[in-house]
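**Student:** Each chain, written out:
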Amino acid sequence: MIGNEAFARGLYEAGCNLASSYPGTPSTEITEFVAKYDEVYAEWAPNEKVAMEVAIGASIAGARSFCAMKHVGLNVAADPLYTVSYTGVNGGLVIGVADDPGMHSSQNEQDSRHHAIASKVMMVEPSNSVECKDFVKRAFELSEQFDTPVIVRLSTRVAHSQNSVELCEREQVEIKEYVKNPAKYVMMPANAKGRHVFVEQRMADIAAFAENCDLNKVEYNSDEIGVITSGAAYEYAKEALGNDVSYLKLGIVNPLPVEIFKDFCAKHKKVYVIEELDGIIENHCKALGLDIVGKEIFGLIGELSPSIIASKLLGKEVEYDDFGENVPVRPPVMCAGCPHRGLFYVLSKLKLTVSGDIGCYTLGASAPLSAMDTTICMGASISALHGFNKVRKEQSEKTSVAVIGDSTFMHSGITGLVNIAYNATNSTVIILDNSITGMTGHQQNPTTGKNLKGDVAAKVWLEDLCKAVGINRVRVVDPYNLAQTEEAVREEVAIAEPSVIISRRPCALLKYVKHNAPLKVDSDKCRTCKMCMKLGCPAISIKNGKAVIDGTQCVGCGICKELCKFDAICE
Amino acid sequence: MDTKSIMIVGVGGQGTLLASKIIGNVLLSAGYEVRISEVHGMSQRGGSVVTYVRYGSEVHSPIVEKGQADIILSFEQLEAARWISHLKKGGRLITSTQKLDPMPVITGAAQYPENILEKLEKMGIDMTAVDALSLACEAGSAKASNVVLMGVLASQTDFDDDIWQKALEECVPPKFLELNKKAFELGRNA
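Those protein sequence lines, which keep their order, are chains V and W.
If you number the first sequence the way our numbering does, the last residue is 657 and the count never jumps.
If you number the second sequence the way our numbering does, the last residue is 194 and the count never jumps.
Among the clues, some could well be false.
[As the list claims (entries may be wrong)] Listed next, the in silico BS3-like pairs over lysine-lysine satisfying Cα-Cα at most 27 Å (straight line):
id : chain 1 : residue 1 : chain 2 : residue 2
1  : V       : K348      : V       : K372
2  : V       : K398      : W       : K93
3  : W       : K8        : V       : K398
4  : W       : K147      : W       : K103
5  : W       : K147      : W       : K126
6  : V       : K122      : W       : K126
7  : W       : K103      : W       : K126
8  : V       : K597      : W       : K25
9  : W       : K25       : V       : K122
10 : W       : K103      : V       : K616
11 : W       : K126      : W       : K93
12 : W       : K147      : V       : K606
13 : W       : K123      : V       : K629
14 : V       : K402      : W       : K92
15 : V       : K270      : V       : K206
16 : W       : K147      : V       : K398
17 : V       : K435      : V       : K647
18 : V       : K539      : W       : K93
19 : W       : K103      : V       : K611
20 : V       : K647      : V       : K600
21 : V       : K597      : W       : K179
22 : V       : K279      : V       : K353
In case anyone wonders, no lab produced these hints; they're calculated from the structure.
With the rest of the complex left out, here is chain V (with noise of 0.2 Å):
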């Protein structure tokens, strides 16, 4: 099973009780199979904030409770997370994060340790599928024995690679008495003073026991060479080096021990620290003065690899051939029928500043759409368009929108448009409302009317809740119909007011969705204008001077055939 899985399984067999996550990739499907077992309370939880507030309230109320989320994700549940450092835990509580060296998915590639480091908080992490599950259970019982929240950090290698993890049962756990404690749960300065005693000693008490712990592992293989790793880093250095050196392999990456680095360092000639991402491990090693080597030869950035591993260490480069030949780049793109496509056509086509956001729609921001001019973080879309029309005023509000899509908008897009009515500029904001969580694969939001189990929820009514807030004009269009869609954006952008567009049309790769027959080229009517080449729709290639339609691909959207000029596209 992949790693989230197996995460999944520890959770289950550790007896939690309740998961609340927000979906981020690589750790959406932790929450998705915890979901499949009828013991574990799970949802998708509007943001990662309230996610973590949800497993703290359930925590301090007696239950094993977790909640998960991407690296990025973190940033977000800071707040609680270093406020919940300081209350502890009463039942246990694990706090699942997945890193994503090399970007695979994410829009930076920050190391979580830091995280744990700041908010003084243990952090344990697994190398493969197998340590996933058992780790989840030792973070259980650790969170416990030093009412600590604990963290298990993942990588998206650790994530997302399968192998073989034996099942146990389920462990009974009772709910614990919950006891009112003011002092231990009410942060307030008086209380936080105390608290943080605790906090600090509690840290002490985790890096003495770090000393003997079997999640840190010694293996002695050799006198001359030692490498101190963890996590995807340590089973890249075994596959390279094999048992032709020693390992000190860290399962507790925060706090850090001390004697068991000293001593390591003292049986090996040449000692090098290898792990993904910042230089943690390297700079504890610096501070107590060993003498190791690290990212000065590895680097802050991307994914280790063996390979890399053994050019470093052992000289060893692999031989191959290469194509020899430029091979074009296979970009991802908007799906054929994607319903965000015909929304930038018109944005592209207006040649609008698009203030952009976090899903499947930054893709707008690629040619030839090219519809995006920023995209920092979840709700940032909102927002900066905010400040950035308060510098640029009338010139910039007539020329320049925000988008983003159902779910972000629910995550942290709304306190943004409460900025732009509550203080007032006339901003264009859109949005994107696909009925689902798209880019993560699917998962349900708040807007959509059902829960994590499938089941039918309140639903969020988008329109409702804008004019709430304070914004008088809210309009609805179908991305799909193009002339009504400019329409309404020329006019929003336009008026002295600050307004809404719901662009709404589900996404095509719902089960639900029912496509059209797809549609095809008449080559006699073609006459090679590439307007329709301008959509960026995959399933759309120019062949022998002419536009083709791959029906295998195509969903009979439309829009192709409303920009054609020609009547050359039919069904």
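Based on these hints, arrange chain W on the given structure of chain V.
**Tutor:** This is chain W only, laid out in the frame that chain V set:
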């Protein structure tokens, strides 16, 4: 035994994930330790996708790098060209002859290289090229070209037929099983 590496390369949406599931199932039945690694998310949207399958008695790294793949199973010609550098000296390429234009080719910013298969042959690659799409259509669905390629792979490896059949039964939804078994046979006899 030494760890062996298979790479499955193609375009998001071509069904490479099912292929890796079937191969993983076969290798586990054959008694190997198996690690499979794939990337989800952004790249699935019509981008270049790659899945790594590694098996042996003890497997550590889940990834396959340049010059390391014993077999590359490619769903599309351009992807075969892109990833051929990952083939080990003396490794084998199995590729579908299907061509899918990537967006830079569609927009005219780049050219789809000509005669990819001939060029690969000239490089001295041990290659099997199969029109998997036509065979899949013959079996009843263009979507079954992934399983056609499984058939080709089966004909070039020595795992028992029972193991392959069991893998198909366990990985393919029952209502498409017959169609996929036919696609598998067509691939194996191609």
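**Student:** Now look at each hint and say whether the structure bears it out.
**Tutor:** Hint check results:
1. K348(V) <-> K372(V): 11 Å, holds
2. K398(V) <-> K93(W): At roughly 22 Å apart (the allowed maximum being 27 Å), K93(W) and K398(V) satisfy the hint.
3. K8(W) <-> K398(V): 23 Å, holds
4. K147(W) <-> K103(W): Holds, because 15 Å separates the two Cα atoms, which is no more than 27 Å.
5. K147(W) <-> K126(W): 31 Å, violated
6. K122(V) <-> K126(W): Not OK: K122(V) and K126(W) at ~51 Å, beyond 27 Å, violated.
7. K103(W) <-> K126(W): 20 Å, holds
8. K597(V) <-> K25(W): 22 Å, holds
9. K25(W) <-> K122(V): 20 Å, holds
10. K103(W) <-> K616(V): 21 Å, holds
11. K126(W) <-> K93(W): This hinted pair holds, its Cα atoms lying about 14 Å apart.
12. K147(W) <-> K606(V): 20 Å, holds
13. K123(W) <-> K629(V): Roughly 22 Å between the alpha carbons, so the hint for K123(W) and K629(V) holds.
14. K402(V) <-> K92(W): Between K402(V) and K92(W) the Cα gap is close to 15 Å, so the pair holds against 27 Å.
15. K270(V) <-> K206(V): Since the Cα atoms of K270(V) and K206(V) sit roughly 16 Å apart, the hinted pair holds (cutoff 27 Å).
16. K147(W) <-> K398(V): 43 Å, violated
17. K435(V) <-> K647(V): The given pair, whose Cα atoms are some 17 Å apart, holds under the 27 Å limit.
18. K539(V) <-> K93(W): 49 Å, violated
19. K103(W) <-> K611(V): Between K103(W) and K611(V) the Cα gap is close to 26 Å, so the pair holds against 27 Å.
20. K647(V) <-> K600(V): Satisfied, since the Cα-Cα distance of roughly 18 Å is no more than 27 Å.
21. K597(V) <-> K179(W): 17 Å, holds
22. K279(V) <-> K353(V): 42 Å, violated
In this structure, the earlier hints numbered 5, 6, 16, 18 and 22 are contradicted, and the remaining ones agree with it.
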